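Engineer: The chain contents come next:
Protein chains: 2
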Amino acid sequence: MSKKGPLISGAPLPLAAMSSSSAKNEVNKTVHPFSRAQLEGLMTKRFFYIQAFEIYGGVAGLYDYGPMGAALQANIISAWRNHFILEEEMLELDTTIMTPYEVLKTSGHVDKFADWMCKDSKNGEIFRADHLVEGVLEARLKGDEQARAGGSAPKADVPAEKTKKKKVKAEAVKLDDAVKAEYENVLAQIDNYGGPELGQLIKKYDIRAPESGNEVSEPIEFNLMFGTNIGPTGALKGYLRPETAQGHFVNFSRLLDFNSGRVPFASAHIGKSFRNEISPRAGLLRVREFTMAEIEHFVDPLDKKHIRFDEVKDVKLSFLPKDVQQAGQTTLVEKTVGEAVSSGMVDNETLGYFLARINLYLLKIGIDPSRLRFRQHMANEMAHYASDCWDAEIQTSYGWIECVGCADRSAYDLTVHAKKTKRDLTVQKLHKEPKIYEKWVPEIERKALGPKFKKDAKAVEEAILALDQEQLASLASQLKNGPAKVPETDFEVSSPELLKIELKTIKEMVREFTPNVIEPSFGLGRIFYALLEHSFWSRAEDKDRGVLSFAPLVAPIKVLVVPISSNEKLSPLVRDVAARLRRNGIAARVDDSSATIGKRYSRNDELGTPFACTLDFASVSHGTMTLRERDTTKQLIGKIDDVIAVIKGLCEATSSWEEAEQKLEKYSGEQAA
Amino acid sequence: MSKKGPLISGAPLPLAAMSSSSAKNEVNKTVHPFSRAQLEGLMTKRFFYIQAFEIYGGVAGLYDYGPMGAALQANIISAWRNHFILEEEMLELDTTIMTPYEVLKTSGHVDKFADWMCKDSKNGEIFRADHLVEGVLEARLKGDEQARAGGSAPKADVPAEKTKKKKVKAEAVKLDDAVKAEYENVLAQIDNYGGPELGQLIKKYDIRAPESGNEVSEPIEFNLMFGTNIGPTGALKGYLRPETAQGHFVNFSRLLDFNSGRVPFASAHIGKSFRNEISPRAGLLRVREFTMAEIEHFVDPLDKKHIRFDEVKDVKLSFLPKDVQQAGQTTLVEKTVGEAVSSGMVDNETLGYFLARINLYLLKIGIDPSRLRFRQHMANEMAHYASDCWDAEIQTSYGWIECVGCADRSAYDLTVHAKKTKRDLTVQKLHKEPKIYEKWVPEIERKALGPKFKKDAKAVEEAILALDQEQLASLASQLKNGPAKVPETDFEVSSPELLKIELKTIKEMVREFTPNVIEPSFGLGRIFYALLEHSFWSRAEDKDRGVLSFAPLVAPIKVLVVPISSNEKLSPLVRDVAARLRRNGIAARVDDSSATIGKRYSRNDELGTPFACTLDFASVSHGTMTLRERDTTKQLIGKIDDVIAVIKGLCEATSSWEEAEQKLEKYSGEQAA
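Heads up: the sequence lines are chains A and B, in that order. Per UniProt numbering, residue 1 is the first one in the first sequence, and the count goes up by one each step. Per UniProt numbering, residue 1 is the first one in the second sequence, and the count goes up by one each step.
Bound-form chain A, shown alone:
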C-alpha cells in the first residue's frame, strides 16, 4: 500500500446507512440516518475494539480488538485466505516483523519513508505539517462562513474527527474572496505538498500552533519506522517492518525454486506492520500497528496475460480513471474488466484480473457495491517505478477510503536487492526457438594482464568487462592498428597479447529477466471498519436499537443459543445444542444471563449474530426449538435436528431463508420486543 496516497479523498458525506448486500429486501434499513457516534458507542460497549491500554489512559494509534472484533477479523482473514491463497494456489509466507537496517536501506524506506512535522517554537509540541495547515485553514474558512452568516451562527469547532485531539477554534472573521479561494485551492491539493512547500504555506498564511499561538519551525522529515536494536551489542540496528512486501522480495529465490523455476506465481502474506504516525487520527483508519495482507504476483515483463482472466472478464466494476480526475470530475465509469483492459485503461490482464478478484472478495464479505470504486493513481501519486496503480476505495462517513492498493511495481524491488546482495534474482525462461545473433566478445589474457598492470590489473579487467557492444566494436577496430586505450580509462592494451575482441555468433537458449511484480495490498483494519459502517443500521421503531447485519461468512458468532429462563432443567439441553452446533462447524454462543429475552435478542443484534435458537420447556418435552433471523426478527420452529440442518445450510450459503421457511413451521409464540 502506498504511503503517500491520500487517505481521504473527497469530502465526507452525511451518509444514510444504505442496505448492505446481505440485507433482506423486506427490512428498511435506511429509516434513520447513519450515526458514527452511535456505531462507535456500540463498538466500545460490546468490546469490538477499544483504544489500547485504556486503563493506563490509552495510547494514540493503537487499538485492541475484543472478542467480537477479533472473531470478525479472523473471519475476514479466513475468507481472504480461501479466496486468494487456496483458490489461486498462492505461496503463503510468514516472515519476520523485525527487519535489519540494510534491507530497508536498500528498499528505500530508511531514506524516504517519512512525513513532515513542525515543532511549536516555544513549548516543543509537535504537529504533522500537512495536518496543521489543513486544520488552521479549515478553521479560518469555517470562521469566514460564520462571519458571512452575519455572526449569527454559533461559533463552531472544526469536527474532532478531522483533527483528532487538536481541535482548532474557528473565529468568525470574514476573509477576502480571493483569500478564501486560495485556501480552498490549497486544501484540495493538501496531499500533494512536500515539506518545503508546506513551509512556504506556513509562512505565507502565518500559520501558528493552534493552542499556544506560537510560531512553528520549518517542516522537518520524520521517518515513520519504529527503530530498535537486535541483540545485546547495539551494533545491529533494526526496524519493525512498515509493509510485508520486503519479506517476499528477500525470499524470491526460494519461492522461485519452490515453484520449479517458473513464473508467473504469487506469494501472499498476512501479518502485522507498523508505522510510527506523527498524529494518528480517524480511528481505525490511521493507526500505528495494523494487520495487512499482501500479494506479490511475479510475472514475465513481456507477458502480463493471466491464465484465468476469462473467468473474470465480464465482472463489471466502477472505475475512476486518471483522465476523469485530471478533468476535475468524479463521475464513475462502469465497465467490465475485459473492456477496461482491451481499451488500455487498465494496463494489463494481470492487473485487471486482480481488480476483479478484489471486487469479488469485498462483495463476498459484505461491502456495499454501490459504495465501492476503483480509483487510478495520477502520474504524480505513483512511485517512479510503478507503471500503473489502482486503489479499491470504499465510501464511509470519513469519505472515500483507500482500502486496497493494486500496483504494478515493475522490477524495482528485486533489482535493488539483487544489486545490493550480489545475488541472482532473475528468472530463466527457455526460448521456444533458440535466438541466434552476433555479439562482440572480449577475451582477456589474464596471465599477461597481471604482470603488466600489477595492482591495477583488476581495474583494467573490470573496465573491459563494463564496455557495451558499441565500445567493444570501436575498440576492436582500433586494436587492429596497434595498442589502444580502454575507453574511460588511461590504460593502454594491445591485441592479441592482452586482449582479443571478436564478433561471435551466439545461440541463446534461455532468456534471463528480472520479473515484474503486481502487488495487491490490503489494509484489513480499514476494510474491517468500512464493513462495520456498511453493516450498521437502527430498527425503524427505535433508533437506539442498533443492528449489525453481518453475513454468516464473517459474523463473529453464527448462532446465539438462549434458554427462555435460567431454570436448571434447561441447561443440559442448552449445552447439548451448543455442542451439536459446534460439531457441525458452526460458531455458537450461549447467553444464559438473567437479562430478559428481549434484551438478549437486542444484544445479539448488536453483535451481528445472524441466528438465534431459543429453548424452552417444550424443547425438553417435545424436542423443538425456535429459529430467529436477525434482520427481519422472523421466527420459525421445528425439531432440534431439523433446525440445526437448516442453520448449517444458511451458514454455508447452500440454502436460503425462503427454503428455511419451507422446511420449518412459522412460529408466532410471544416474541419479546
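These are computed hints drawn from the structure, not numbers from a lab. Just so it is clear, the structure is predicted and the values come from calculations on it, not from any experiment. Some hints here could point you the wrong way.
Note that the list lumps identical chains together, so a pair holds whenever it fits in one copy or between two copies.
[Claimed, not checked] No more than 20 Å apart at the CA atoms, straight line, and that leaves these computed lysine to aspartate or glutamate pairs for EDC-like:
| # | residue 1 | residue 2 |
| --- | --- | --- |
| 1 | K439 | E470 |
| 2 | K429 | E568 |
| 3 | K639 | E665 |
| 4 | K634 | E659 |
| 5 | K648 | E87 |
| 6 | K599 | D257 |
| 7 | K322 | E334 |
With chain A's structure known, arrange chain B on it following the hints.
Structural biologist: Chain B in isolation, oriented as in the chain A frame:
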C-alpha cells in the same frame, strides 16, 4: 510461558524416529535412525523455513516460514482455534504488540525480564553467561574423555547445536576425578544459577572467552525486551511485548463486562511476541520473534472446579511430578487426570482440565504420545506468586522441550495493574445467603478536619482509612478517654468532633474478589518443530527419501494433483479436478512440472501431502483417476467424483483408508519408484 524454565532438561538422546500417531501399521518407519541434519536439509530445500534475510547473510534468532511452513503453521493455529476458542466459547483478543513502558514496569518485566551476560574484556564480544559456563565446562569434560581414552580418539568439538556459532574446542586434557564430578554437578544445575553465582563459577574455574582466551567481565543483567519510542517526541517509551498475557489483563474489565460480570471465563490470544535473546541457538526452539497462543482463564479463587471436568477426567497422562524430580528421578507417573486432581498432585480441577485438553490437542495434530510428558515445576522454578505449574514437554533430538506452560498465576497480575491504575479489577458475586457480621467503621468529620490540620488534612484522612480492624478497635477505645494519636502518625484526633468509630452490623450481599488466573501458554514454533521431528522418517529402501507423515488435519496440502505428462490435452481436466477439490474445501496443488512422476511423488512425500491424484489419458476418456496414499504408497482407482468423495471423508476423518479400499478399486498400474 515462564522465561526461566529450562529450555532443555535432560540430555539429548540419539533417538530413532518412532512411529507417529498417524502412521499406518504396515509401514516400518524406524528402519533408519533419525537424522536432524537430514530433516534440516529438507526444511531448507522445500522452503518450510529458513533463517530470515538469508540473502543479506541472515540474522540470528529470526526465521521466515515459506509456503509449506506457513501453511503448516496456519493449520496448527486453526486446529488450536477450533479446539480451544470455539469449543470452549473463549473470548478471543487481538491486542497490540507495541506496549508502553508503564504497563511492563507494573507487570515486573522492566525490572526482571533479563538474562545474564559477560563481555570479553578486550574485544568486547558478548556471551550469555550460563551458555559460556556450560560450553567451556562441556568442552573440558569432552577433552577429559579423550585424554582418558588414551588420546587416541580424534579431537572433537562440542556439537554445534548445543552452542551454535561459538564452537568450543575440546583439548585432550585429563581432569581430576573430583573436578570432573564438580563440573558434572554444575552442568546439571546450570539453569538454576543467577548472575552472582555464574560470576563465582567463572572465577573459580578460570572460564575465559573461548576464541580469544581473554578474561570476561562480571555477569551483568541484559533486559530481553526490544525497546523503541512511540510517536515523534521520544517521550513515550515502548517495548515489543514479551508475552501476550498483559494484553488480557489490561482488558480484564471489558472482558468481564462482555461476560455479563461473571467468572469463570477464559480469554485467548494468538499472536507474535518478541525476546531479544543474547545468543539465540537450537534453531526454532529459541528465537527472537515467535508466535504464541495464550489462554487466561479467570476463576473464583475459592472455587477452582471446572464445569466440563467430567468430560476429561478419564484422560490418562504421563506426569513427572516435583517429588519424583526432587528424588533425582525421571520416572513418569501414568495417571488419569481425575486421579491426579483427587490425589492433590495437580492443584485443582481447572488446572487438571487444561492439562487434559492440552494433551488432546497435541495428539490431535500428530505429536507422538510416547514422547509427551507433563513436568511439574519445582518450588524454585516457579514465580513467587504461582501456586502450581506444569509444562507439557515434548521429546526431540534436543532433549525434552517445554512447549506449553500451564500455570496458576493466582491474582498477581490483576492486583498490580489495579493498584497502579487505581481501577477496580474485581468481580462481584452475589452471596447465596447475605453474610452478616460486625465491623468497626470510621466516620470522619471532614468539615472539622480541614480547618484543624490544614495542609495535613488529607494525610490524616488517609492514615485513618488505612487502619485495620484491630487498630480501629483500639483507637475507638482510646478515644473514649479523650484525644488520641492516629496509629503510625503524630496527629492527634478527638471524638466525636473529628472522628467517630463505631461497631456496625454489616449485611453483605455480594462478595468482591480479584479472580485468579490459570494460564495455558503455547509456544507454537516449538510445537511446530517437535511435530516435524515426530513426523519425519525415511523409506526403508532408501534413507535419502524422506517422508513427513502429517495428518490431513495439519498437512500443508491435502492432495497433490499430477498429470502423467505435460501433454496439453490433460491440463483442462487437471485444473478442473483441482477446482472441484477446492470447492469441497480441500487444499489441492497441481504439480505439472516436467519432473518424472516418481520425482514428483518423492517431492510430495517431502512436503507431507497425504494424498495424490494422478490423471492420464484414461482420465480424459473414461473419467477415472488414481489415488495414492503417502505412507504406504498404495494406489486405488475410481471415477473422479468417487475419488473426490473418498478424499473428503479421509480429510474430515469421517472415514478410513480401509473404507476407501472398499469403495475404490486397487490400482496396479506401473508405479513410479
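Engineer: Are the hints correct? Go through all of them and say.
Structural biologist: A quick look at each hint next to the structure:
no.: 1; hint: K439 / E470; result: within (10 Å within a copy, 102 Å between copies)
no.: 2; hint: K429 / E568; result: between (71 Å within a copy, 19 Å between copies)
no.: 3; hint: K639 / E665; result: within (10 Å within a copy, 40 Å between copies)
no.: 4; hint: K634 / E659; result: within (14 Å within a copy, 44 Å between copies)
no.: 5; hint: K648 / E87; result: between (23 Å within a copy, 17 Å between copies)
no.: 6; hint: K599 / D257; result: between (58 Å within a copy, 15 Å between copies)
no.: 7; hint: K322 / E334; result: within (14 Å within a copy, 72 Å between copies)
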